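J.: Sequence:
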Amino acid sequence: MLTSLAEALFPSRCAACRKLAGGPQILCAHCLSELEPVPPQACRVCCDSGGIHHDGLCGRCTAHLPPFDELRAAFAYGGPMREALLALKHSGHLETGHRLGRLAASTLPAPERGIVVPVPLHGNRLGERGYNQALLIARGMAAVWRLPVHTDLLLRIRDTGSHRGRTALQRRASLAGAFLAPPDRVPESATIILVDDVAASRSTAVECSLALKAAGARRVLVRVVAASLD
Numbered sequence: 001m002l003t004s005l006a007e008a009l010f011p012s013r014c015a016a017c018r019k020l021a022g023g024p025q026i027l028c029a030h031c032l033s034e035l036e037p038v039p040p041q042a043c044r045v046c047c048d049s050g051g052i053h054h055d056g057l058c059g060r061c062t063a064h065l066p067p068f069d070e071l072r073a074a075f076a077y078g079g080p081m082r083e084a085l086l087a088l089k090h091s092g093h094l095e096t097g098h099r100l101g102r103l104a105a106s107t108l109p110a111p112e113r114g115i116v117v118p119v120p121l122h123g124n125r126l127g128e129r130g131y132n133q134a135l136l137i138a139r140g141m142a143a144v145w146r147l148p149v150h151t152d153l154l155l156r157i158r159d160t161g162s163h164r165g166r167t168a169l170q171r172r173a174s175l176a177g178a179f180l181a182p183p184d185r186v187p188e189s190a191t192i193i194l195v196d197d198v199a200a201s202r203s204t205a206v207e208c209s210l211a212l213k214a215a216g217a218r219r220v221l222v223r224v225v226a227a228s229l230d
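Going by my numbering, the final residue of the sequence shown carries number 230, and the count climbs one at a time with no gaps.
Note that these hints are calculated values from the structure, not bench results. A hint or two may mislead.
Unchecked claim - For lysine to any residue, the following SDA-like pairs were computed, each having C-alpha atoms within a straight-line distance of at most 20 Å:
| # | residue 1 | residue 2 |
| --- | --- | --- |
| 1 | Lys19 | Leu94 |
| 2 | Lys89 | Tyr131 |
| 3 | Lys89 | Arg102 |
| 4 | Lys89 | Asp159 |
| 5 | Lys213 | Ile157 |
| 6 | Lys19 | His30 |
| 7 | Lys19 | Leu35 |
| 8 | Lys19 | Ala29 |
| 9 | Lys213 | Pro67 |
| 10 | Lys89 | Leu35 |
| 11 | Lys213 | Gly114 |
| 12 | Lys89 | Ser12 |
| 13 | Lys89 | Ser201 |
| 14 | Lys19 | Gly92 |
All values reported here derive from a predicted model rather than from experimental measurement.
Produce the complete structure using the sequences and hints provided.
T.: Laid out in structure tokens, this is it:
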């Protein structure tokens, strides 16, 4: 009854278009219909759905394996999902993060075990924004999977600034060495579920995974709400 009263007094708005969503949904019916799920048969590293060879990998990823063991995205980055993620990142719609995390987790392969670790923000960026959108998403995912969330296993030790407008090569160079995983905090042979909002160039996932594995993690499974599929 209290939930119904709250919905009547404070109706939910679509995280993408800001129109009334109706009920507890994070997106309105129209925006939900516009989402592009990543096919389950897509490459388990780059999310490309064409030319899968063996072990769930495309030819490119078979030849050049990244340091993470898997990268799964729920949706393609574009349309309403892009708008919802931008609203989370720049407009302070904090509840959107948790709800997007739950939505993504319900469509992604559920890890049987592991520690959920959000991609960290540098202290400067965290102070400016006031929150880490990856942490909000991670909490939503972890609630569905019933796994613990740890925020002290991975640190961002250099402020790399905004990557908007940078090329993939520039992003990779900027992020090199930007993360540190203290060896005394990462459980030996741990499985880490690394969570972020978007996988664009995959450079963030690469650098975070390098740091986590250097600290003793056995596997790093990346989970994101959306990925660029270009």
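J.: Hint by hint, note whether the structure agrees.
T.: Checked hints:
Between lysine 19 and leucine 94 the CA atoms are separated by roughly 17 Å; this keeps the pair inside 20 Å, and the hint holds. Restraint check for lysine 89 and tyrosine 131: the C-alpha separation of about 9 Å stays at or below 20 Å, so the hint holds. Of the pairs offered as hints, the one joining lysine 89 and arginine 102 holds, with about 17 Å between alpha carbons and a cut-off of 20 Å not exceeded. About 17 Å separates the Cα atoms of lysine 89 and aspartate 159, which keeps this hinted pair within 20 Å; it holds.
For the given pair, lysine 213 sits about 17 Å from isoleucine 157 by alpha-carbon distance, which is consistent with the 20 Å threshold. Our distance criterion of 20 Å between C-alpha atoms is met by lysine 19 and histidine 30, whose separation comes to about 10 Å. Of the supplied pair hints, the one linking lysine 19 and leucine 35 holds, its CA atoms being roughly 16 Å apart against a limit of 20 Å. Distance restraint check for lysine 19 and alanine 29: the Cα-Cα separation of roughly 10 Å lies within the 20 Å cut-off, and the hinted pair is therefore satisfied.
Distance restraint check for lysine 213 and proline 67: the Cα-Cα separation of roughly 8 Å lies within the 20 Å cut-off, and the hinted pair is therefore satisfied. Distance restraint check for lysine 89 and leucine 35: the Cα-Cα separation of roughly 19 Å lies within the 20 Å cut-off, and the hinted pair is therefore satisfied. For the given pair, lysine 213 sits about 14 Å from glycine 114 by alpha-carbon distance, which is consistent with the 20 Å threshold. As the CA atoms of lysine 89 and serine 12 are separated by approximately 19 Å, the hinted pair is consistent with the 20 Å bound.
Between the alpha carbons of lysine 89 and serine 201 the distance comes to roughly 18 Å, so the proposed pair stays at or under 20 Å and holds. Of the supplied pair hints, the one linking lysine 19 and glycine 92 holds, its CA atoms being roughly 17 Å apart against a limit of 20 Å.
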